[in-house]
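With chain P fixed as given, assemble chain Y onto it according to the hints.
Here the protein sequences line up with chains P and Y, keeping their order. Under full-length UniProt numbering, the first residue of the first sequence carries the number 1, and numbering increases by one thereafter. Under full-length UniProt numbering, the first residue of the second sequence carries the number 1, and numbering increases by one thereafter.
Derived from the structure by calculation, the hints contain no laboratory data. Not one of these hints is a red herring.
Here are some chain P residues pointing at chain Y (derived, C-beta under 8 Å):
{"id": "1", "residue": "276"}
{"id": "2", "residue": "278"}
{"id": "3", "residue": "281"}
{"id": "4", "residue": "282"}
{"id": "5", "residue": "285"}
{"id": "6", "residue": "292"}
{"id": "7", "residue": "295"}
{"id": "8", "residue": "297"}
{"id": "9", "residue": "298"}
{"id": "10", "residue": "299"}
None of the values given here were measured: they were computed from a predicted structure. Where a beta carbon is used, it is the ideal one built from N, C-alpha and C, also for glycine.
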Amino acid sequence: MSDSALASPTPAASSGAAPTPGAEIPPAPKSNQVLRDIMGGSVVISILAVLLALVVGGILIALTDENVQAASGYFFSRPGDTINAIWVSVSGAYGALFQGAIYNFGGNTFVKQIKPITDTLTFATPLIVAGLGVGLAFRAGMFNIGGQGQMLIAAACSGWVAYSFPLPYGIHLIVAVLAGVVGGAVWGGIVGVLKARTGAHEVIVTIMLNYIAVYLISYLLRTPGALQAPGSSNPKTPADLPTAVYPDLLGGDFNLHAGLLVSIAATVFVWWLLTRSSLGFKFRAVGVNPNAARVAGINVKRSYIYVMLLSGGLVGLAGVAQVLGTVTSGFSSGIDAGIGFDAITVALLGRSKPWGIFVAGILFGAFKAGGFAMQAGQGIPVDIVLVVQSLIVLFIAAPPLVRAVFRLPTPGVAKKPKPPKASTSSPVAASTGEAVVAK
Amino acid sequence: MKLELRGITKRFGSLVANDHIDLVVKPGEIHALLGENGAGKSTLMNVLYGLYQADEGEILLDDEVQHFAGPGDAMNSGIGMVHQHFMLIPVFTVAENVMLGHEQTKGLGRLDLAAARAKVREIGSQFGFDVDPDALVEDLPVGVQQRVEIIKALSRNAKVLVFDEPTAVLTPQETDELMVIMGQLRDAGTSIVFITHKLREVREIADRITIIRLGKVVGEAEPTATNAELASLMVGRSVELTVHKEHANPGEAALVVKNLSVVDAVGQLVVNSVSFEVHRGEILAIAGVQGNGQTELSEAIIGLQERVLGSITLDGQSLVGLSVQKVLDAGVGFVPEDRNVDGLVGEFTIAENLMLDRSSNAPFVKRGSLQLSYLSTFATEKSKEFDVRSQGIQTPVGKLSGGNQQKVVLARELSRELRLFLAAQPTRGIDVGSIEFVHKRIVETRDAGVPVIVVSTELDEVTALADRIAVMYRGSIVGIVPGNTSRDVLGLMMTGEVPHVITTTDDSEGVLL
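One chain only, chain P, in its complex shape:
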């Protein structure tokens, strides 16, 4: 209930309204509650959200299919035709999605048959690391919307090292990767510093830094002597030197590159960080209750800086994967490919848990790989995949909606001895508990 509505107007209002330098930490914003609600959803909710999104996507596919439209014209004389057309259309679309993303039954060689799953993993590689970066920031209570900018800066740093410094095999790759990580970390760290020093809200700062990065990179790509390939008039860099490229994992027939191993290692690292390390403990404490963290002597502002450095660095790895793995022949300003934003979805779907993000990243990789196959094979616009992805976010952001659709019990009402509080705080507590059980 509105217990605290009037109870303490001054401290909350004053510190919230004017985050002056040196003033106390802004109080846990409402957005933290939103984050917690979203992350508090159980695995079940995530899975149901995906299913529900696919169902709605199927309806859209059917509605936009010409055969279905034609058959529905005489629905009352021969309803079977319409139903059949719907089945053909939807099953065809999702069949193509599956064949494009997992296993191609029609392939005449083994390589062709399993290529889709490797494509999925290739697409998943940057999504996983970027998702980890965004998710880690979520856990410390920060919305990192700046994945695009961090990726671009990282890609530029990494690509610059990759094409301009001839270094020995191995060392070159490591230096190029590190350059990208540092670039992303700096671009993310700026956000953390601004938030800690001035109280500037990270959402606004990250979005603005995205613009700065986009135009900065575009400018550098058009400027001879900067990132632009010598002798070219296109806004594009030179190709990477072969010593800096992520090696192929399964040989030249597949696109899959060693970036995947980096993503797996990053997942393990973030898992260790969050569950086993002192720093991660502080991040989590700051994320759910910055007040208690501060009273317990944890330096909340420093945590914001550290987590944004790490978050930016991880997102930077996505930029590195793009430059050193996916597009090695020189990149342009579209190198981020929207991954910085997809990462937010991936982090949400994975409930900001490292392995959840890993799985969510692979799922989104599959959507990307399958979406193209669907368009090529069935003529269904690739946008339908975007719609499905968006629907997933929508359903995850609205757990009560999913619960209502599937008639799941509302968590939290049951076990709280103080009912008035139950309405505000317990869904979180109870559903995180539920998540533990579900895990």
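Same frame as chain P, now just chain Y:
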């Protein structure tokens, strides 16, 4: 109007918050509903007010069954509620607040403020309140704000008034005035339900007392019952309301605070040149009504306030300007007044909360990684020592009761080597059994030779624990008096007056500042 609740049952999942509760409140009667926090009083009243629907049972007004779909229905039927946390809009005037929700309008939807003003004056004069209808609510003292709430309820012709813990925020004097008002309302024929857990007030004003424990009515009592009888009904066993403690053997001064002032974020002087000392092996209680600078004073000691003037020294080491971490490292244990906001991370497990303020170094962290096995041994041990009742150390503290949560905070703070223990509102919102435990541990800490500061707004707690009492009013310390000072004197001091009896107390510690 006669109010009757018959067999009200309200369940939240498997938890039965109200179990077949029967209650009859006759017109012109003050009926006290006494129970611990979490006993189900508020749930019952929320059912009555239409905020919850009862699973079983019925509500009768003058023997007619009522069906309330929401507070609007309840209000229309003549039920008014004075909430613990006032439901007033601070930037509105008294008249605007009173009319809020049933605004009278003139043509074209213009508000008829004149009518609202007249209503406020009318009700005010009827009961002898003096409330200016055009005053902004935020400018009014808490006691007057409460009267606005009462006027608001009465302006809707409430025949049954529910007071939900009305004295929690009042000074003793304001409490006395409220008692007078409640008496007048009763004499005017209003039925009053008075929810509280304070025994003294119940015995003072109530005509009948119903005691609720764990969602059930466990007994009725007359106002003549003794405190001990009422308390044992409330908690189901005999409890000690007074703390057994030996006479203090204070050592030398450990914490010395001199001319300490604190300026808050909006530039107001919230602590005004406060000086005091705390000796080893004594408990200094800081009494006062909520919001007179106690919070800021304790935050200044722990390093949470930014703008602090004056000096704070602990065993010769200055604490002013140190980070919270450094202050904690200097050996200060701190129980914050709002454990849910400042003391615990609700989503974290008991074990994680136990290491919250030692998340950087040994023993819980080595080379940057958590020592999970040590933590789990530690947490199991401390849970047992501090009697934290849970399903295990992996239970999120948000799922524990208030008393068990507070034990987690205590376990954390008292398991370090302490040179000062500062407990703010250590027993707020916890059950009597836990209060007893917390008090016992505080006294034990004192007896171990640690200087202890207890900040409390509960006079019972202050008088039970303190060896010396500092009373704060508007940011200043009104006086420091011995622990056995009478409630009347303390009550006066809490309103800023300095009764001259202080100077006549035999103990030489009755220092006036």
